[in-house]
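K.L.:
Given next are the chains, with one letter for each unit.
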Amino acid sequence: MRNGKTTGGKFFEDFRLGQLIAHATPRTLTQGDGALYSGLYGSRFAVQSADHFARQIGYPQAPVDDLLVFHVVFGKSVPDISLNAVANLGYADCRFLRPVYPLDTLRAHSEVIGLKENSNRETGVVYVRTRGLNQRDETVLEYVRWVMVRKRDRDAKVAPAVVPTLPTEADPATLGACVPPLDVRAWDDMLSGSRFRWGDYAAGERIDHGDGMTIEEAEHQIATRLYQNTAKVHFNQHSEGQGRFGRRLVYGGVIMSIARSLSFNGLGNAFHITAINGGRHVAPAFAGDTIYAASEVLDAFALPGRNDIGGLRLRTIALKNKTAAAFANADTGGHTEEGVVLDLDYVVVLPR
Amino acid sequence: MRNGKTTGGKFFEDFRLGQLIAHATPRTLTQGDGALYSGLYGSRFAVQSADHFARQIGYPQAPVDDLLVFHVVFGKSVPDISLNAVANLGYADCRFLRPVYPLDTLRAHSEVIGLKENSNRETGVVYVRTRGLNQRDETVLEYVRWVMVRKRDRDAKVAPAVVPTLPTEADPATLGACVPPLDVRAWDDMLSGSRFRWGDYAAGERIDHGDGMTIEEAEHQIATRLYQNTAKVHFNQHSEGQGRFGRRLVYGGVIMSIARSLSFNGLGNAFHITAINGGRHVAPAFAGDTIYAASEVLDAFALPGRNDIGGLRLRTIALKNKTAAAFANADTGGHTEEGVVLDLDYVVVLPR
Amino acid sequence: MRNGKTTGGKFFEDFRLGQLIAHATPRTLTQGDGALYSGLYGSRFAVQSADHFARQIGYPQAPVDDLLVFHVVFGKSVPDISLNAVANLGYADCRFLRPVYPLDTLRAHSEVIGLKENSNRETGVVYVRTRGLNQRDETVLEYVRWVMVRKRDRDAKVAPAVVPTLPTEADPATLGACVPPLDVRAWDDMLSGSRFRWGDYAAGERIDHGDGMTIEEAEHQIATRLYQNTAKVHFNQHSEGQGRFGRRLVYGGVIMSIARSLSFNGLGNAFHITAINGGRHVAPAFAGDTIYAASEVLDAFALPGRNDIGGLRLRTIALKNKTAAAFANADTGGHTEEGVVLDLDYVVVLPR
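Residue numbers (the working numbering), protein chains in the order written: chain A, 1 to 352; chain B, 1001 to 1352; chain C, 2001 to 2352.
Rather than coming from a laboratory, the hints here were simulated on the basis of the structure. Just so you know, not all the hints are guaranteed correct.
[To be verified] Chain B is nowhere near these chain A residues, computed Cβ spacing over 12 angstroms in every case:
{"no.": "1", "residue": "E13"}
{"no.": "2", "residue": "P79"}
{"no.": "3", "residue": "A87"}
{"no.": "4", "residue": "L106"}
{"no.": "5", "residue": "K157"}
{"no.": "6", "residue": "P160"}
{"no.": "7", "residue": "V163"}
{"no.": "8", "residue": "A173"}
{"no.": "9", "residue": "P181"}
{"no.": "10", "residue": "D183"}
{"no.": "11", "residue": "E296"}
{"no.": "12", "residue": "L298"}
{"no.": "13", "residue": "N321"}
{"no.": "14", "residue": "K322"}
{"no.": "15", "residue": "A325"}
{"no.": "16", "residue": "D343"}
[Unchecked claim] Straight-line alpha carbon distances no greater than 30 angstroms define the calculated DSSO-like cross-link-like pairs of lysine-lysine that follow:
{"no.": "17", "chain 1": "B", "residue 1": "K1157", "chain 2": "B", "residue 2": "K1116"}
{"no.": "18", "chain 1": "B", "residue 1": "K1232", "chain 2": "C", "residue 2": "K2151"}
{"no.": "19", "chain 1": "A", "residue 1": "K151", "chain 2": "B", "residue 2": "K1322"}
{"no.": "20", "chain 1": "B", "residue 1": "K1232", "chain 2": "B", "residue 2": "K1005"}
{"no.": "21", "chain 1": "C", "residue 1": "K2005", "chain 2": "A", "residue 2": "K322"}
{"no.": "22", "chain 1": "B", "residue 1": "K1005", "chain 2": "C", "residue 2": "K2322"}
{"no.": "23", "chain 1": "A", "residue 1": "K232", "chain 2": "B", "residue 2": "K1322"}
{"no.": "24", "chain 1": "C", "residue 1": "K2322", "chain 2": "A", "residue 2": "K322"}
{"no.": "25", "chain 1": "A", "residue 1": "K322", "chain 2": "A", "residue 2": "K232"}
{"no.": "26", "chain 1": "C", "residue 1": "K2322", "chain 2": "B", "residue 2": "K1151"}
{"no.": "27", "chain 1": "B", "residue 1": "K1005", "chain 2": "A", "residue 2": "K5"}
{"no.": "28", "chain 1": "C", "residue 1": "K2232", "chain 2": "A", "residue 2": "K322"}
Note that CB positions come from ideal geometry on N, CA and C, so glycine has one too.
If we strip away everything but chain A, and leave its shape as in the complex, we get (with noise of 0.2 angstroms):
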């Protein structure tokens, strides 16, 4: 029996329409975030890895990892949207608003924009769109997630289905807000460690990023805690060693992670995270899996009224245990392979 001080999450019938929910816990960034960060990823792109390449282009100084900024305002959503997920379904219509620097204070809120009961009367699908904000209360983030929550009863009543209307893609009229006018005369391609600016990447092209990175149980639950993200697949093996898996769960954002910095080779001058079309954990990762990612550019296109930088929408997959080869050289036609852990279309942003 639980006592009344202590939370177990939402089930499917406590969410409402509209419902506005305030998370806990407000979190600065600092540098030292940045550098378990980089331990954890090793990050390569120039703008968030240096304060002096940052400032030259026009930056105040170098600012947070976008999907640092991702992955704190998710976790804060975990505690009140996700602790009795059976899964994490999708992302859309994310957009990152506002460049975060160190020192910024975020926090986070949800709105519920969609419930749709499963035919099972088990569990049901809560669509949320989750903001974060800043100490200033401007939001610098903002995406829609649903997953798949239980009922805490079978026999609850719920509402009439509403499922949201969601875009497929970034308006680019919305995009680019996090940069501020760049000089890229001053963008110092040796340094970036690409020669390939936005111009050089057509419709079509796939890129095979090469490596593999292994990923370590002590890896995932540190960035997994760092984000305080608290869904307890991740963390506690005496209950998952009897669950589904047998194993904790790797956080799905992990592997948005390594394959971002993954795709450094092949896309180093691509600086910036803008917006996230939509992102699907294909199949779960496990500690001992080995990460490899490709990416197809599905689009290039101009930024309204920034003629310093233009935008690439990529389709990046990640894959366990299996290199990219394949989906980054034969034409296979956009098919998702066998392997393939994540399938995220986003947009990113690199010098003209």
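With chain A fixed as given, assemble chains B and C onto it according to the hints.
P.N.:
Below, chains B and C alone, put in the same frame as chain A:
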């Protein structure tokens, strides 16, 4: 044979009553330490997590986590006090006296306040009062601990036993010194993650903190090195593989921090540890163990001169590979149960 | 088949004598990196650990650990120099030229100073002089290393062999540049953890540093990623499992840092590495190995113009799964023994 410039730690007969031992190495605590501490334990108390939250209620900035301060001070004492310890027997009279902020530099010294040879004449118990000081020579923390230490020479003569009289409970008048006067109207319960204030807790109440956290070798090693704690048993599989347990032992402070982090679920507003009345590492823990925790409220009391905050005396136990449900829910009369690794009697502070 | 935008690293025939290669990615070193470095190695040298200690003797603040600087500069060179290396053969003529403080941004470039094809024509040795520079374009570190690199094409014609002449020992007149004038009267031996100053050491002296430290996969991976070192052999169990050793190889720099950290016990006042005359990774190390270390004082010499500090030339060896007692105590004539993984000839600085 040992070179004269290395230290192998003191043996029982090396200690003298009244001896004052200054410990190496001073340590500047940074936001980097805070980030790593977050990654290792996933703590979610808002005051330590967010500068903005801390400032709104009256702190100059987010203070360093109490147990990180404790572990760093403790770590400094290890090479001089407990390198040859058979067991770390207990703590008492621990009080946090001044807040520690990032960029404060801590050092520590210990005074020998008791010595008692064991009847087997092969070991003895050493009692020390250890103080942590900041760069202004202010004591930020003090505590008594006692350890069983080997004798170098069984036949060495030792002085008659002196066992200090120690308080079993901190005087409320001495507590809360780390907490500046708070504007509790600015304390946001949504952000802090709990709507339960000091007045909502009553003696006798028990809380199962629910979650479990599995410890990895890399995690406890990184934590213990972060504290510059050099006790050999935590780091050396080559020697420990042939030792008592056949494996590396997890530093007891790691269990304290995990239990503290888990206690957020049920004690979300208990933002500060102001005293530790006593603590015992009841049984050893090892990598692979999953830690659970539960707490009993032993007492709730006002703090003299403070109407912003109040104190709760808690008994928090940590268990390995066993949920805390039985402790939290049955009327067990407080008996320590099988599986318990830590039994901690301490005082936390909450907003009123 | 590789997309033209990715890099698979250079092969032997891609290098040209005199070629200058600017490396990506610049990196701002922060106190976060220092914290993670502490957690990974547990270093206890007071100057790097405490701003307050550093300031009292004349530093503006605690400098970044020398080997963290070395590893970060080294890491930058990996994608361009040693991604296809069969072996990292040696270091020479490494000098630390300017202090590095938190928030300095480092970049690196390498000059090819020697090339020698091996007789099997399948590999060759590449000699580079690598320099690390700060945001003011000042060289903070330089060193020579040579690596055995595969040829892409066995039949490729290569230029006649050029092998550089390298100093076997740093000229004392060039050393100590990282250390500001020190007020050694303010150096507190209790806080630094050793009462032995430069004058207390003599050539021929041997020190067994005593402790052992076991390496975990998560630890060496986090360390090596922190340095943005991308060598595949450290991170990919999926490929390395089918490779030469059947496992991931620990970056040799991890062993250097462990040995340096262990050397505190016996060399607590050797607060700065000013030069590395030579170093060899004698044998590979893997997760699960326990590292021990011992040192021999090869020489003790004054530094021209400095009466605050003096230099010790040291030979430090690291062993795996074997204590250093035999090396430290027997008159073995300096012969490298079974179990040695690192043999390092370097110069440290101590207060006089």
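K.L.:
Is the nearest CB of chain B more than 12 angstroms from the CB of A/A87?
P.N.:
holds (20 angstroms)
K.L.:
Beyond 12 angstroms on every Cβ pair: is that true for A/P181 relative to chain B?
P.N.:
A/P181 clear of chain B: closest Cβ-Cβ about 28 angstroms, beyond 12 angstroms.
K.L.:
Within 30 angstroms, alpha carbon to alpha carbon, are C/K2322 and A/K322?
P.N.:
Distance ~37 angstroms between C/K2322 and A/K322 Cα, so the pair is violated.
K.L.:
Between C/K2322 and B/K1151, does the CA-CA distance stay at or below 30 angstroms?
P.N.:
holds (26 angstroms)
K.L.:
Hey, does A/D343 actually stay past 12 angstroms from chain B on C-beta?
P.N.:
holds (28 angstroms)
K.L.:
Checking the smallest CB distance to chain B, is A/K322 really beyond 12 angstroms?
P.N.:
Holds, since 26 angstroms exceeds 12 angstroms.
K.L.:
Take a quick look at A/L106 and tell me if its Cβ sits farther than 12 angstroms from every Cβ on chain B, holds or violated.
P.N.:
violated (8 angstroms)
K.L.:
Would the least Cβ to Cβ distance between A/E296 and chain B come out above 12 angstroms?
P.N.:
Correct as stated: the minimum Cβ-Cβ distance to chain B is 33 angstroms, above 12 angstroms.
K.L.:
Straight-line Cα separation of B/K1232 and C/K2151 no greater than 30 angstroms?
P.N.:
Not OK: B/K1232 and C/K2151 at ~46 angstroms, beyond 30 angstroms, violated.
K.L.:
Non-interface claim for A/E13: all C-beta distances to chain B beyond 12 angstroms?
P.N.:
holds (21 angstroms)
K.L.:
Quick check for students: does the CB of A/D183 sit more than 12 angstroms from each CB in chain B?
P.N.:
For A/D183, whose nearest Cβ neighbour in chain B is about 30 angstroms away, the distance exceeds 12 angstroms, so it holds.
K.L.:
With a cut-off of 30 angstroms on the C-alpha distance, tell me whether C/K2005 and A/K322 pass.
P.N.:
Judged against 30 angstroms, a Cα distance of about 21 angstroms means the pair holds.
The earlier numbered hints that this structure contradicts are 2, 4, 18, 24 and 27.
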